[in-house]
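One line per chain: the protein sequences are A and B, in this order.
Residue 71 in the UniProt record's numbering sits at position 71 of the first sequence, and the numbers go up by one each step.
Residue 81 in the UniProt record's numbering sits at position 81 of the second sequence, and the numbers go up by one each step.
There's no promise every hint is true.
As the list makes no split between identical chains, a pair holds if one copy fits it or if it spans any two.
Unchecked claim - 30 Å max Cα-Cα, derived BS3-like pairs, lysine-lysine:
| # | residue 1 | residue 2 |
| --- | --- | --- |
| 1 | Lys3 | Lys132 |
| 2 | Lys33 | Lys104 |
| 3 | Lys149 | Lys11 |
| 4 | Lys40 | Lys132 |
| 5 | Lys33 | Lys3 |
| 6 | Lys104 | Lys79 |
| 7 | Lys104 | Lys149 |
| 8 | Lys104 | Lys132 |
| 9 | Lys40 | Lys79 |
| 10 | Lys132 | Lys11 |
| 11 | Lys104 | Lys3 |
| 12 | Lys33 | Lys132 |
| 13 | Lys3 | Lys149 |
| 14 | Lys149 | Lys40 |
| 15 | Lys33 | Lys149 |
| 16 | Lys79 | Lys11 |
| 17 | Lys40 | Lys11 |
| 18 | Lys40 | Lys3 |
| 19 | Lys149 | Lys79 |
| 20 | Lys104 | Lys11 |
| 21 | Lys33 | Lys79 |
Just so you know, the hints here were simulated from the structure itself, not pulled from any lab data.
2 protein chains.
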Amino acid sequence: MRKRPIVLNIKTIATTSFFNIEEMDIEFSNGSKRIYERLKPPGNGAVLVIPMLDIETVLMIYEYSGGTDRYELTLTKGKIDGGETLIEAANRELIEEIGYGSNKLTFIKEMTIAPGYQSSITYIVLAQDLYKASAQGDEPEPLEIAAFKMSDLENLVYNEDLTEARSIAALYMARDVINNQ
Amino acid sequence: MRKRPIVLNIKTIATTSFFNIEEMDIEFSNGSKRIYERLKPPGNGAVLVIPMLDIETVLMIYEYSGGTDRYELTLTKGKIDGGETLIEAANRELIEEIGYGSNKLTFIKEMTIAPGYQSSITYIVLAQDLYKASAQGDEPEPLEIAAFKMSDLENLVYNEDLTEARSIAALYMARDVINNQ
């Protein structure tokens, strides 16, 4: 029933320091044609990490976010560097942003954020069995860390500082994984 | 503790048919300076709708997504048109994409998708008490509709066709809202 459209042509139409925009000529199986645009970043995708200080306590951060021009309550995330596995990237970001490493990193799910116009993939990783560790990241200012209880997740998701869909989805999925351990 | 950075300057650096990219000069309260880029679309944001055929059954769609160049299992979504409320937009998208309207639309949550570099807001709306209705949308091909049981959500989120973080987060939040009704 789902007969994949044909991508007749793809070309880059704009490039900035951070973004790369492609234009796609697409022909659907019913003959209709569309021109789509999408963000097509280089690189290996990103990780988002749910760090559990104990079975009940998740560590989150307040980070200034340019897109919304405000502090967002979010989970640790960052790009996967060349030559890194996603698990290595998750542990590195955790050490840089939260001040902990993890002895138990579990890949949970591959997510997209806006598949209609972005190719980006985020790998969701649960981090348990934490140990103290630190390293200099590329943050412009120290991140404020905040602890929340998973048992309060139903209320936490209504916190107005927590808006990022990936973080909300990851918290719910992590809770299910922990409950099934 | 969180002392908001100063945005010294914002300018548009690239515009295409679909995207508008801004560059921001930012000075953090500790004096460090950064140049950020962000997507700043015009308009009023988007709605994402969780349509419940009955207390247990959610209606989803398979939609070709240019960003990932594949069919994604997702919830109904679309932009809010000028002059529309978010509830009106939710009902219109539902009618166009799923073939149902709703007598009971409940706003649940305002979400962002990548607040670090996107200003976009998505309003999550639960749709219940559905009635049959149809209207022509702007889809290039008919959408395939698929029904899933909320009681199976823990498995559904591992479906490889379901990757979009907003849809996963919205399904979990809708389940909580329905359970509390």
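Results for each hint:
Proximity of Lys3 to Lys132 under the C-alpha cut-off of 30 Å is restricted to the inter-copy arrangement: shortest distance 27 Å between copies versus 51 Å within a copy. When the C-alpha separation of Lys33 and Lys104 is checked against a cutoff of 30 Å, the pair qualifies neither within a copy, at 48 Å, nor between copies, at 36 Å. With identical chains, the CA atoms of Lys149 and Lys11 are never at most 30 Å apart, being 47 Å at best within one copy and 41 Å at best between copies. For the identical chains of this complex, Lys40 and Lys132 are neighbours neither inside a copy (36 Å) nor across copies (38 Å), given an alpha-carbon limit of 30 Å.
Proximity of Lys33 to Lys3 under the C-alpha cut-off of 30 Å is restricted to the intra-copy arrangement: shortest distance 14 Å within a copy versus 49 Å between copies. Within a single copy, Lys104 and Lys79 get their C-alpha atoms as close as 20 Å, which meets the 30 Å cut-off; across copies the closest is 41 Å, which misses it. Proximity of Lys104 to Lys149 under the C-alpha cut-off of 30 Å is restricted to the intra-copy arrangement: shortest distance 20 Å within a copy versus 32 Å between copies. For a Cα distance limit of 30 Å, the shortest separation of Lys104 from Lys132 inside one copy, 14 Å, qualifies, whereas the shortest one across copies, 49 Å, does not.
For a Cα distance limit of 30 Å, the shortest separation of Lys40 from Lys79 qualifies both inside one copy, at 14 Å, and across copies, at 22 Å. Neither within a single protomer nor between protomers do Lys132 and Lys11 lie at most 30 Å apart by alpha-carbon distance, with minima of 46 Å and 41 Å respectively. Taking CA atoms no more than 30 Å apart as the test, Lys104 paired with Lys3 passes in neither setting, with 41 Å inside one copy and 34 Å between copies. Proximity of Lys33 to Lys132 under the C-alpha cut-off of 30 Å is restricted to the inter-copy arrangement: shortest distance 29 Å between copies versus 55 Å within a copy.
For the identical chains of this complex, Lys3 and Lys149 are inter-copy neighbours only, at 26 Å across copies versus 45 Å inside a copy, given an alpha-carbon limit of 30 Å. In the homo-oligomer, the alpha carbons of Lys149 and Lys40 never lie at most 30 Å apart, since the shortest distance is 36 Å inside one protomer and 34 Å across protomers. In this homomeric assembly, Lys33 and Lys149 never come within 30 Å of each other (Cα to Cα): the closest approach is 49 Å inside a single copy and 34 Å across copies. For the identical chains of this complex, Lys79 and Lys11 are neighbours both inside a copy (24 Å) and across copies (26 Å), given an alpha-carbon limit of 30 Å.
For the homomeric pair Lys40 and Lys11, the shortest alpha-carbon distances inside one copy (11 Å) and between copies (22 Å) are both at most 30 Å. Proximity of Lys40 to Lys3 under the C-alpha cut-off of 30 Å is restricted to the intra-copy arrangement: shortest distance 23 Å within a copy versus 33 Å between copies. Proximity of Lys149 to Lys79 under the C-alpha cut-off of 30 Å is restricted to the intra-copy arrangement: shortest distance 27 Å within a copy versus 35 Å between copies. In this assembly of identical chains, the alpha carbons of Lys104 and Lys11 never lie at most 30 Å apart, being 42 Å within a copy and 44 Å across copies at closest.
Taking identical chains as interchangeable, the C-alpha atoms of Lys33 and Lys79 lie at most 30 Å apart only when they sit on different chains, with a minimum of 21 Å there against 34 Å within one chain.
Taken one by one, the earlier hints fail for this structure at numbers 2, 3, 4, 10, 11, 14, 15, 20, listed in ascending order.
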